[in-house]
Amino acid sequence: MATATAVRNKAAAATRGRERAQVNQLVTFLWVGTDKRGKKLKGEYAAKNQAMVKAELRNQGITISSIKPKGKPLFGSAGRTIKPREIAVFSRQIAVMMAAGVPMVQGIEIISEGQSNPRMKNMLVDIKTNIEGGSSLSESLAKYPVQFDELFCNLVKAGESDGVLDTVLDTVATYKENIEALKSKIKKAMFYPAMVLAVAVLVSAILLIFVVPQFEQVFANFGAQLPAFTQMILNLSKFVVGYWYIMAAIVVGAIVGVIFLYKRSPSFAHLCARAVLKIPVIGQILHQSAIARFARTLGVTFKAGVPLVEALDSVGSATGSPIYNEAVKKIREDVAVGHQLQFAMRQQNLFPNMVVQMVGIGEEAGALDAMLFKIAEFYEQEVSNAVDALASLLEPFIMIIIGVLVGSMVIGMYLPIFKLAAVVG
113 MATATAVRNK
123 AAAATRGRER
133 AQVNQLVTFL
143 WVGTDKRGKK
153 LKGEYAAKNQ
163 AMVKAELRNQ
173 GITISSIKPK
183 GKPLFGSAGR
193 TIKPREIAVF
203 SRQIAVMMAA
213 GVPMVQGIEI
223 ISEGQSNPRM
233 KNMLVDIKTN
243 IEGGSSLSES
253 LAKYPVQFDE
263 LFCNLVKAGE
273 SDGVLDTVLD
283 TVATYKENIE
293 ALKSKIKKAM
303 FYPAMVLAVA
313 VLVSAILLIF
323 VVPQFEQVFA
333 NFGAQLPAFT
343 QMILNLSKFV
353 VGYWYIMAAI
363 VVGAIVGVIF
373 LYKRSPSFAH
383 LCARAVLKIP
393 VIGQILHQSA
403 IARFARTLGV
413 TFKAGVPLVE
423 ALDSVGSATG
433 SPIYNEAVKK
443 IREDVAVGHQ
453 LQFAMRQQNL
463 FPNMVVQMVG
473 IGEEAGALDA
483 MLFKIAEFYE
493 QEVSNAVDAL
503 ASLLEPFIMI
513 IIGVLVGSMV
523 IGMYLPIFKL
533 AAVVG
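Counting in the working numbering, the sequence shown runs from 113 upward without gaps.
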(Lines of atoms letter the chains of each structure in order from A and count residues from 1; the text may use other names and numbers.)
(Lines give C-alpha, C1' and ligand atoms only; values in the text may rest on other atoms or scores of the structure.)
Protein backbone atom coordinates (compact mmCIF):
# COMPACT_ATOMS: atom_id res chain seq x y z
CA MET A 1 0.00 0.00 0.00
CA ALA A 2 2.78 2.36 0.95
CA THR A 3 4.61 1.47 -2.25
CA ALA A 4 1.55 2.21 -4.39
CA THR A 5 1.08 5.57 -2.67
CA ALA A 6 4.71 6.47 -3.25
CA VAL A 7 4.39 5.55 -6.94
CA ARG A 8 1.28 7.73 -7.30
CA ASN A 9 3.00 10.66 -5.58
CA LYS A 10 6.03 10.25 -7.80
CA ALA A 11 3.86 10.16 -10.92
CA ALA A 12 1.92 13.25 -9.78
CA ALA A 13 5.18 15.09 -9.11
CA ALA A 14 6.47 14.14 -12.56
CA THR A 15 3.25 15.39 -14.15
CA ARG A 16 3.53 18.72 -12.34
CA GLY A 17 7.15 18.97 -13.46
CA ARG A 18 6.14 18.44 -17.09
CA GLU A 19 3.38 21.04 -16.76
CA ARG A 20 5.85 23.59 -15.38
CA ALA A 21 8.32 22.80 -18.16
CA GLN A 22 5.60 23.40 -20.75
CA VAL A 23 4.67 26.81 -19.35
CA ASN A 24 7.64 28.50 -20.96
CA GLN A 25 6.67 26.85 -24.29
CA LEU A 26 3.38 28.74 -24.54
CA VAL A 27 2.81 30.62 -27.79
CA THR A 28 0.91 33.89 -27.98
CA PHE A 29 -1.73 33.91 -30.73
CA LEU A 30 -3.45 36.92 -32.24
CA TRP A 31 -7.11 36.28 -33.02
CA VAL A 32 -10.02 38.07 -34.68
CA GLY A 33 -13.64 36.98 -34.31
CA THR A 34 -17.24 37.97 -33.59
CA ASP A 35 -19.45 37.47 -30.56
CA LYS A 36 -23.09 36.33 -30.49
CA ARG A 37 -24.27 39.85 -31.36
CA GLY A 38 -22.06 39.94 -34.43
CA LYS A 39 -19.69 42.50 -32.88
CA LYS A 40 -16.11 42.24 -34.12
CA LEU A 41 -13.55 41.45 -31.44
CA LYS A 42 -9.81 40.88 -31.43
CA GLY A 43 -7.13 40.07 -28.90
CA GLU A 44 -4.29 37.75 -28.00
CA TYR A 45 -4.17 34.51 -26.05
CA ALA A 46 -1.26 32.36 -24.80
CA ALA A 47 -1.62 28.62 -25.32
CA LYS A 48 0.31 25.58 -26.56
CA ASN A 49 -1.53 25.47 -29.92
CA GLN A 50 -4.29 27.06 -31.98
CA ALA A 51 -6.82 24.34 -31.11
CA MET A 52 -6.70 25.26 -27.43
CA VAL A 53 -7.25 28.95 -28.27
CA LYS A 54 -10.24 28.14 -30.51
CA ALA A 55 -11.77 25.86 -27.87
CA GLU A 56 -11.40 28.46 -25.13
CA LEU A 57 -12.86 31.28 -27.24
CA ARG A 58 -15.69 29.02 -28.46
CA ASN A 59 -16.63 28.41 -24.82
CA GLN A 60 -16.90 32.18 -24.45
CA GLY A 61 -19.28 32.39 -27.42
CA ILE A 62 -16.76 33.87 -29.84
CA THR A 63 -16.58 32.71 -33.47
CA ILE A 64 -13.02 32.88 -34.80
CA SER A 65 -12.46 34.35 -38.26
CA SER A 66 -8.65 34.38 -38.17
CA ILE A 67 -5.91 33.28 -35.82
CA LYS A 68 -2.13 33.38 -36.15
CA PRO A 69 0.96 33.28 -33.91
CA LYS A 70 2.14 36.66 -32.70
CA GLY A 71 5.26 37.85 -34.48
CA LYS A 72 8.55 37.79 -32.61
CA PRO A 73 10.10 41.11 -31.49
CA LEU A 74 13.02 42.46 -33.49
CA PHE A 75 15.52 41.72 -30.72
CA GLY A 76 14.27 38.31 -29.59
CA SER A 77 11.10 36.77 -28.27
CA ALA A 78 12.00 36.47 -24.60
CA GLY A 79 10.90 40.00 -23.81
CA ARG A 80 12.57 42.61 -21.71
CA THR A 81 13.93 41.81 -18.29
CA ILE A 82 11.63 41.93 -15.29
CA LYS A 83 12.15 45.23 -13.51
CA PRO A 84 11.85 45.68 -9.73
CA ARG A 85 9.03 48.17 -10.31
CA GLU A 86 7.01 45.42 -12.04
CA ILE A 87 7.46 43.23 -8.96
CA ALA A 88 6.27 46.12 -6.78
CA VAL A 89 3.15 46.53 -8.95
CA PHE A 90 2.49 42.78 -8.80
CA SER A 91 2.80 42.88 -5.00
CA ARG A 92 0.19 45.62 -4.78
CA GLN A 93 -2.16 43.92 -7.24
CA ILE A 94 -2.13 40.52 -5.51
CA ALA A 95 -2.51 42.22 -2.11
CA VAL A 96 -5.58 44.15 -3.29
CA MET A 97 -7.14 41.05 -4.87
CA MET A 98 -6.62 38.86 -1.81
CA ALA A 99 -8.00 41.59 0.45
CA ALA A 100 -11.08 41.70 -1.82
CA GLY A 101 -11.56 37.93 -1.42
CA VAL A 102 -10.28 36.82 -4.83
CA PRO A 103 -8.66 33.36 -4.60
CA MET A 104 -4.87 33.48 -4.95
CA VAL A 105 -4.66 31.30 -8.07
CA GLN A 106 -7.39 33.26 -9.83
CA GLY A 107 -5.79 36.55 -8.82
CA ILE A 108 -2.38 35.56 -10.21
CA GLU A 109 -4.05 34.40 -13.43
CA ILE A 110 -5.84 37.73 -13.84
CA ILE A 111 -2.61 39.64 -13.22
CA SER A 112 -0.65 37.47 -15.67
CA GLU A 113 -3.17 38.08 -18.45
CA GLY A 114 -2.66 41.82 -18.09
CA GLN A 115 1.15 41.68 -18.49
CA SER A 116 2.80 43.19 -21.56
CA ASN A 117 6.20 41.72 -20.65
CA PRO A 118 6.35 38.06 -21.83
CA ARG A 119 8.93 37.13 -19.21
CA MET A 120 6.79 38.52 -16.41
CA LYS A 121 3.74 36.77 -17.82
CA ASN A 122 5.49 33.40 -18.13
CA MET A 123 6.86 33.72 -14.60
CA LEU A 124 3.40 34.40 -13.14
CA VAL A 125 1.88 31.50 -15.10
CA ASP A 126 4.61 29.24 -13.74
CA ILE A 127 3.96 30.46 -10.18
CA LYS A 128 0.24 29.78 -10.64
CA THR A 129 1.00 26.26 -11.93
CA ASN A 130 3.24 25.56 -8.93
CA ILE A 131 0.52 26.66 -6.51
CA GLU A 132 -2.06 24.51 -8.30
CA GLY A 133 0.39 21.61 -7.95
CA GLY A 134 0.44 21.96 -4.17
CA SER A 135 3.26 24.42 -3.49
CA SER A 136 2.76 27.39 -1.21
CA LEU A 137 3.09 30.94 -2.50
CA SER A 138 6.41 31.44 -0.70
CA GLU A 139 7.82 28.21 -2.18
CA SER A 140 6.69 29.22 -5.66
CA LEU A 141 8.20 32.69 -5.36
CA ALA A 142 11.47 31.25 -4.02
CA LYS A 143 12.06 29.60 -7.41
CA TYR A 144 12.71 33.10 -8.79
CA PRO A 145 15.35 34.46 -6.37
CA VAL A 146 16.35 37.30 -8.69
CA GLN A 147 12.85 38.77 -8.71
CA PHE A 148 11.76 37.67 -5.20
CA ASP A 149 14.67 37.90 -2.78
CA GLU A 150 15.02 36.06 0.51
CA LEU A 151 13.41 38.91 2.44
CA PHE A 152 10.32 38.91 0.21
CA CYS A 153 9.89 35.14 0.49
CA ASN A 154 10.44 35.12 4.27
CA LEU A 155 7.76 37.77 4.76
CA VAL A 156 5.28 35.84 2.64
CA LYS A 157 6.14 32.64 4.51
CA ALA A 158 5.54 34.39 7.84
CA GLY A 159 2.15 35.58 6.60
CA GLU A 160 1.21 32.07 5.48
CA SER A 161 2.17 30.50 8.80
CA ASP A 162 0.23 33.11 10.83
CA GLY A 163 -2.84 33.05 8.57
CA VAL A 164 -2.56 36.75 7.72
CA LEU A 165 -1.19 36.48 4.18
CA ASP A 166 -3.40 39.24 2.79
CA THR A 167 -2.23 41.68 5.48
CA VAL A 168 1.42 40.74 4.99
CA LEU A 169 1.10 41.06 1.21
CA ASP A 170 -0.26 44.57 1.67
CA THR A 171 2.69 45.39 3.94
CA VAL A 172 5.13 43.88 1.44
CA ALA A 173 3.53 45.87 -1.40
CA THR A 174 3.90 49.12 0.53
CA TYR A 175 7.49 48.20 1.39
CA LYS A 176 8.41 47.46 -2.24
CA GLU A 177 6.79 50.69 -3.44
CA ASN A 178 8.66 52.78 -0.86
CA ILE A 179 11.98 51.07 -1.55
CA GLU A 180 11.62 51.49 -5.33
CA ALA A 181 10.68 55.15 -4.88
CA LEU A 182 13.77 55.64 -2.72
CA LYS A 183 15.98 53.86 -5.27
CA SER A 184 14.59 56.13 -7.97
CA LYS A 185 15.54 59.21 -5.98
CA ILE A 186 19.07 57.87 -5.42
CA LYS A 187 19.48 57.18 -9.13
CA LYS A 188 18.32 60.71 -9.82
CA ALA A 189 20.88 62.08 -7.39
CA MET A 190 23.68 60.07 -9.02
CA PHE A 191 22.51 60.91 -12.53
CA TYR A 192 23.19 64.65 -12.31
CA PRO A 193 26.92 64.46 -11.53
CA ALA A 194 27.38 61.79 -14.19
CA MET A 195 25.51 63.97 -16.66
CA VAL A 196 27.72 66.95 -15.87
CA LEU A 197 30.84 64.90 -16.54
CA ALA A 198 29.41 63.34 -19.72
CA VAL A 199 28.33 66.69 -21.18
CA ALA A 200 31.68 68.28 -20.35
CA VAL A 201 33.61 65.44 -22.01
CA LEU A 202 31.32 65.43 -25.05
CA VAL A 203 31.57 69.17 -25.66
CA SER A 204 35.35 69.12 -25.22
CA ALA A 205 35.72 66.18 -27.60
CA ILE A 206 33.59 67.85 -30.30
CA LEU A 207 35.62 71.07 -30.09
CA LEU A 208 38.97 69.29 -30.10
CA ILE A 209 38.13 66.90 -32.95
CA PHE A 210 36.09 69.07 -35.31
CA VAL A 211 36.55 72.76 -34.47
CA VAL A 212 40.16 73.24 -33.39
CA PRO A 213 41.69 71.56 -36.53
CA GLN A 214 39.89 74.13 -38.70
CA PHE A 215 41.58 76.95 -36.83
CA GLU A 216 44.96 75.20 -37.16
CA GLN A 217 44.78 75.49 -40.95
CA VAL A 218 44.08 79.22 -40.65
CA PHE A 219 46.96 79.75 -38.22
CA ALA A 220 49.39 77.96 -40.56
CA ASN A 221 49.01 80.83 -43.04
CA PHE A 222 49.97 83.46 -40.45
CA GLY A 223 53.60 82.42 -40.36
CA ALA A 224 53.95 83.83 -36.86
CA GLN A 225 54.60 82.18 -33.52
CA LEU A 226 51.37 81.22 -31.76
CA PRO A 227 50.65 82.05 -28.10
CA ALA A 228 51.57 79.25 -25.68
CA PHE A 229 47.93 78.71 -24.63
CA THR A 230 46.81 78.36 -28.24
CA GLN A 231 49.68 75.97 -29.04
CA MET A 232 48.75 73.85 -26.02
CA ILE A 233 45.16 73.49 -27.28
CA LEU A 234 46.37 72.62 -30.78
CA ASN A 235 48.71 69.95 -29.41
CA LEU A 236 45.90 68.52 -27.31
CA SER A 237 43.65 68.44 -30.39
CA LYS A 238 46.29 66.56 -32.41
CA PHE A 239 46.69 64.04 -29.59
CA VAL A 240 42.93 63.42 -29.29
CA VAL A 241 42.45 63.09 -33.06
CA GLY A 242 45.46 60.78 -33.42
CA TYR A 243 44.92 58.57 -30.37
CA TRP A 244 41.18 58.78 -29.64
CA TYR A 245 40.77 54.99 -29.95
CA ILE A 246 43.47 54.41 -27.33
CA MET A 247 41.84 56.88 -24.97
CA ALA A 248 38.42 55.25 -25.53
CA ALA A 249 39.91 51.81 -24.87
CA ILE A 250 41.53 53.04 -21.64
CA VAL A 251 38.26 54.60 -20.42
CA VAL A 252 36.16 51.52 -21.26
CA GLY A 253 38.80 49.22 -19.77
CA ALA A 254 38.92 51.25 -16.57
CA ILE A 255 35.13 51.19 -16.22
CA VAL A 256 34.92 47.44 -16.85
CA GLY A 257 37.84 46.82 -14.48
CA VAL A 258 36.27 48.83 -11.67
CA ILE A 259 32.92 47.05 -12.10
CA PHE A 260 34.64 43.65 -12.13
CA LEU A 261 36.66 44.40 -9.00
CA TYR A 262 33.62 45.89 -7.25
CA LYS A 263 31.63 42.68 -7.80
CA ARG A 264 34.46 40.23 -7.13
CA SER A 265 36.46 41.92 -4.37
CA PRO A 266 34.63 42.75 -1.10
CA SER A 267 37.57 44.84 0.11
CA PHE A 268 37.55 46.93 -3.09
CA ALA A 269 33.77 47.36 -2.88
CA HIS A 270 34.14 48.43 0.74
CA LEU A 271 36.85 50.95 -0.21
CA CYS A 272 34.72 52.42 -3.05
CA ALA A 273 31.64 52.63 -0.84
CA ARG A 274 33.54 54.42 1.90
CA ALA A 275 35.01 56.88 -0.63
CA VAL A 276 31.60 57.63 -2.14
CA LEU A 277 30.08 58.23 1.29
CA LYS A 278 32.66 60.99 1.84
CA ILE A 279 31.63 62.95 -1.29
CA PRO A 280 29.90 66.19 -0.28
CA VAL A 281 26.10 66.17 -0.70
CA ILE A 282 26.13 62.83 -2.55
CA GLY A 283 27.60 61.02 0.45
CA GLN A 284 25.01 62.54 2.78
CA ILE A 285 22.19 61.40 0.48
CA LEU A 286 23.58 57.84 0.42
CA HIS A 287 23.92 57.85 4.23
CA GLN A 288 20.29 58.92 4.62
CA SER A 289 19.14 56.41 2.03
CA ALA A 290 20.89 53.51 3.78
CA ILE A 291 19.37 54.48 7.14
CA ALA A 292 15.89 54.77 5.57
CA ARG A 293 16.18 51.36 3.92
CA PHE A 294 17.56 49.81 7.13
CA ALA A 295 14.67 51.16 9.18
CA ARG A 296 11.98 50.33 6.60
CA THR A 297 13.21 46.76 6.05
CA LEU A 298 13.71 45.96 9.72
CA GLY A 299 10.34 47.48 10.58
CA VAL A 300 8.52 45.39 7.96
CA THR A 301 10.18 42.11 8.94
CA PHE A 302 9.72 42.71 12.67
CA LYS A 303 6.06 43.66 12.16
CA ALA A 304 5.51 40.42 10.21
CA GLY A 305 6.52 38.47 13.32
CA VAL A 306 10.05 37.56 12.32
CA PRO A 307 12.34 37.45 15.43
CA LEU A 308 14.76 40.38 15.61
CA VAL A 309 17.92 38.30 15.15
CA GLU A 310 16.48 36.56 12.08
CA ALA A 311 15.13 39.84 10.74
CA LEU A 312 18.61 41.36 10.84
CA ASP A 313 19.84 38.57 8.53
CA SER A 314 17.97 40.12 5.60
CA VAL A 315 18.38 43.79 6.48
CA GLY A 316 22.06 44.27 5.65
CA SER A 317 21.82 43.58 1.93
CA ALA A 318 18.70 45.76 1.69
CA THR A 319 20.60 48.89 2.76
CA GLY A 320 22.36 49.07 -0.62
CA SER A 321 25.73 49.87 0.98
CA PRO A 322 28.61 47.48 1.77
CA ILE A 323 29.50 49.70 4.74
CA TYR A 324 26.04 49.42 6.29
CA ASN A 325 25.78 45.76 5.31
CA GLU A 326 28.91 45.00 7.34
CA ALA A 327 27.63 47.13 10.22
CA VAL A 328 24.29 45.26 10.30
CA LYS A 329 26.14 41.93 10.50
CA LYS A 330 27.99 43.18 13.58
CA ILE A 331 24.72 44.48 15.04
CA ARG A 332 23.16 41.06 14.58
CA GLU A 333 26.07 39.41 16.39
CA ASP A 334 25.66 41.79 19.34
CA VAL A 335 21.88 41.31 19.48
CA ALA A 336 22.30 37.51 19.29
CA VAL A 337 24.36 37.51 22.50
CA GLY A 338 21.78 39.60 24.38
CA HIS A 339 22.58 43.27 23.71
CA GLN A 340 19.78 45.72 23.04
CA LEU A 341 19.41 46.88 19.45
CA GLN A 342 20.06 50.51 20.38
CA PHE A 343 23.32 49.57 22.11
CA ALA A 344 24.50 47.49 19.15
CA MET A 345 23.68 50.32 16.72
CA ARG A 346 25.54 52.89 18.81
CA GLN A 347 28.74 50.81 18.64
CA GLN A 348 28.93 51.12 14.86
CA ASN A 349 29.23 54.95 14.78
CA LEU A 350 27.13 55.09 11.61
CA PHE A 351 23.68 55.90 12.93
CA PRO A 352 22.82 59.45 14.10
CA ASN A 353 22.07 59.89 17.77
CA MET A 354 18.42 60.66 16.98
CA VAL A 355 17.99 57.29 15.26
CA VAL A 356 19.58 55.38 18.13
CA GLN A 357 17.44 57.17 20.71
CA MET A 358 14.22 56.58 18.74
CA VAL A 359 15.07 52.87 18.47
CA GLY A 360 15.69 52.80 22.21
CA ILE A 361 12.31 54.42 22.90
CA GLY A 362 10.65 51.90 20.59
CA GLU A 363 12.29 48.99 22.41
CA GLU A 364 11.25 50.29 25.83
CA ALA A 365 7.67 50.97 24.70
CA GLY A 366 7.29 47.66 22.85
CA ALA A 367 6.62 49.52 19.59
CA LEU A 368 9.89 49.02 17.74
CA ASP A 369 8.27 48.46 14.34
CA ALA A 370 6.21 51.68 14.58
CA MET A 371 9.28 53.68 15.59
CA LEU A 372 11.32 52.20 12.75
CA PHE A 373 8.62 53.24 10.28
CA LYS A 374 8.78 56.80 11.67
CA ILE A 375 12.56 56.83 11.16
CA ALA A 376 12.16 55.50 7.62
CA GLU A 377 9.57 58.13 6.71
CA PHE A 378 11.73 60.92 8.10
CA TYR A 379 14.87 59.91 6.20
CA GLU A 380 12.98 59.16 2.99
CA GLN A 381 11.72 62.72 3.09
CA GLU A 382 15.23 63.96 3.83
CA VAL A 383 16.52 62.11 0.77
CA SER A 384 13.78 63.60 -1.38
CA ASN A 385 14.59 67.13 -0.19
CA ALA A 386 18.34 66.58 -0.66
CA VAL A 387 17.87 65.30 -4.22
CA ASP A 388 15.77 68.34 -5.12
CA ALA A 389 18.39 70.61 -3.58
CA LEU A 390 21.16 68.81 -5.47
CA ALA A 391 19.34 69.34 -8.75
CA SER A 392 19.04 73.07 -8.07
CA LEU A 393 22.70 73.24 -7.05
CA LEU A 394 24.02 71.44 -10.12
CA GLU A 395 22.12 73.46 -12.72
CA PRO A 396 24.42 76.50 -12.42
CA PHE A 397 27.38 74.19 -11.82
CA ILE A 398 26.78 72.54 -15.20
CA MET A 399 26.68 75.95 -16.90
CA ILE A 400 29.92 77.00 -15.19
CA ILE A 401 31.81 73.85 -16.24
CA ILE A 402 30.65 74.00 -19.85
CA GLY A 403 31.25 77.75 -19.94
CA VAL A 404 34.82 77.36 -18.68
CA LEU A 405 35.61 74.57 -21.14
CA VAL A 406 34.08 76.24 -24.18
CA GLY A 407 35.25 79.69 -23.17
CA SER A 408 38.85 78.54 -22.67
CA MET A 409 38.99 76.97 -26.11
CA VAL A 410 37.35 79.96 -27.79
CA ILE A 411 39.82 82.34 -26.14
CA GLY A 412 42.72 80.07 -27.09
CA MET A 413 41.64 80.00 -30.72
CA TYR A 414 41.07 83.76 -30.99
CA LEU A 415 44.24 84.87 -29.18
CA PRO A 416 46.35 84.79 -32.39
CA ILE A 417 43.67 86.77 -34.21
CA PHE A 418 43.65 89.42 -31.48
CA LYS A 419 47.48 89.49 -31.58
CA LEU A 420 47.50 89.91 -35.35
CA ALA A 421 44.91 92.67 -35.18
CA ALA A 422 47.03 94.50 -32.58
CA VAL A 423 50.11 94.26 -34.81
CA VAL A 424 48.21 95.52 -37.86
CA GLY A 425 46.69 98.33 -35.85
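These are computed hints drawn from the structure, not numbers from a lab. Because the structure is a prediction, the values reported are computed rather than measured. Glycine included, C-beta positions come from ideal geometry on N, C-alpha and C. Wrong hints could be hidden among the right ones.
What the hints assert, rightly or not - Here are the in silico distance ranges between beta carbons for each label pair:
#, residue 1, residue 2, range
1, V421, P215, 46 to 56 Å
2, L348, D500, 29 to 39 Å
3, M307, L348, 42 to 52 Å
4, I473, I318, 34 to 44 Å
5, S377, L348, 29 to 39 Å
6, G155, A366, 42 to 52 Å
7, I473, A366, 19 to 29 Å
8, I473, M307, 39 to 49 Å
9, S377, M344, 30 to 40 Å
10, N333, I391, 29 to 39 Å
11, A387, V364, 14 to 24 Å
12, P378, F322, 16 to 26 Å
Task: Violations among the numbered hints - done: 1, 3, 4, 7, 10 and 12
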